[in-house]
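When we follow the working numbering, the leftmost residue of the sequence shown carries the number 1, and every step to the right adds one.
No lab work stands behind these hints, which were simulated from the structure alone.
Watch out, some of these pointers could steer you wrong.
[Unchecked claim] Here are the computed lysine to aspartate or glutamate pairs in the DMTMM-like style, where the Cα-Cα straight-line distance is at most 20 Å:
hint	residue 1	residue 2
1	K271	D91
2	K83	D107
3	K187	E157
Remember, predicted model here, so these are calculated numbers, not experimental data.
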Amino acid sequence: VDLLNQQMLALRRQLAALEKHLGCRLLHRSTRAISLTQDGETYLQHALRMLELKREAESALQERGGRLRGRLRVACSNGFGRKILIPALRDWQKEHPQLSMELMLSDQLSQLVEDRVDVAFRMASLKDSNLVARPIGISRRIVVASPDYIQRHGRVETPEDLREHQCLIFTGAERPGVWDFKGSSGKVSVRVQGSLALSTVDALQDAVLAGLGVALMPAWFWTRERLDGQVIQLLPDYRLADHTIHAVTTARQNASGKVRLFVDFVEKRLKRLSGMEPVEG
1 VDLLNQQMLA LRRQLAALEK HLGCRLLHRS TRAISLTQDG ETYLQHALRM LELKREAESA
61 LQERGGRLRG RLRVACSNGF GRKILIPALR DWQKEHPQLS MELMLSDQLS QLVEDRVDVA
121 FRMASLKDSN LVARPIGISR RIVVASPDYI QRHGRVETPE DLREHQCLIF TGAERPGVWD
181 FKGSSGKVSV RVQGSLALST VDALQDAVLA GLGVALMPAW FWTRERLDGQ VIQLLPDYRL
241 ADHTIHAVTT ARQNASGKVR LFVDFVEKRL KRLSGMEPVE G
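Construct the complete structure from the given sequences, taking the supplied hints into account.
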């Protein structure tokens, strides 16, 4: 207890000296809680940035010697992490055993700077012009259903047939409930309906496998299930709009050797997967 009190007293003195040096208060203090002031928040963000720059400098020197060390923070959707990244990490770790990785899996778009993310993989449109987006693959989309669902509800021969089916609605789509096809006769837009809407692509997959309806999803989500016959691709003669997969970094992180090597690794992985096509040019 005495040692703890001495350490607390030393911290208070250091904090008081820092506040005196800066000419502002960094913490709100009360008998119940301590919280950062606005000046404290600003100072903390700059301090974290300095620590990050220190880690980058050390990493750059290590990379120059051919060694990748430290930590790589990667953000992506749950589906992309589960289906693309995690199955490939064993090979990556064999090549770079001294580099640890943190996967930040979320269907919400990460803020690269605020979350201190090294690289994010996205298929959504990018609004921040300060970010560097490198296209690494094309995600083809397909319409799928389980054999059990088709047996109970009938086949789907044309996009218009979807109006008579239970379609699973992904609420995260740009236009939920509107599926755009391109066939030999041109473009066809179908407003689909269904009794179930879901907010994640992982949940869509579970619903398809449970026989609850028809879904529009990335082809790479179903590589194994299509081979095993757990799902059937519907309307194979019709094309849906592709999505470009981007590796997104800040301008500073784009120069990092570990980021470049990992993005190259993921790009090669994408090209090997069924339903994926390399970006031309």
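Okay, the hints, checked on the actual structure:
no. : hint          : verdict
1   : K271 <-> D91  : holds (16 Å)
2   : K83 <-> D107  : holds (14 Å)
3   : K187 <-> E157 : holds (16 Å)
The structure is consistent with each of the numbered hints, conforming to all of them.
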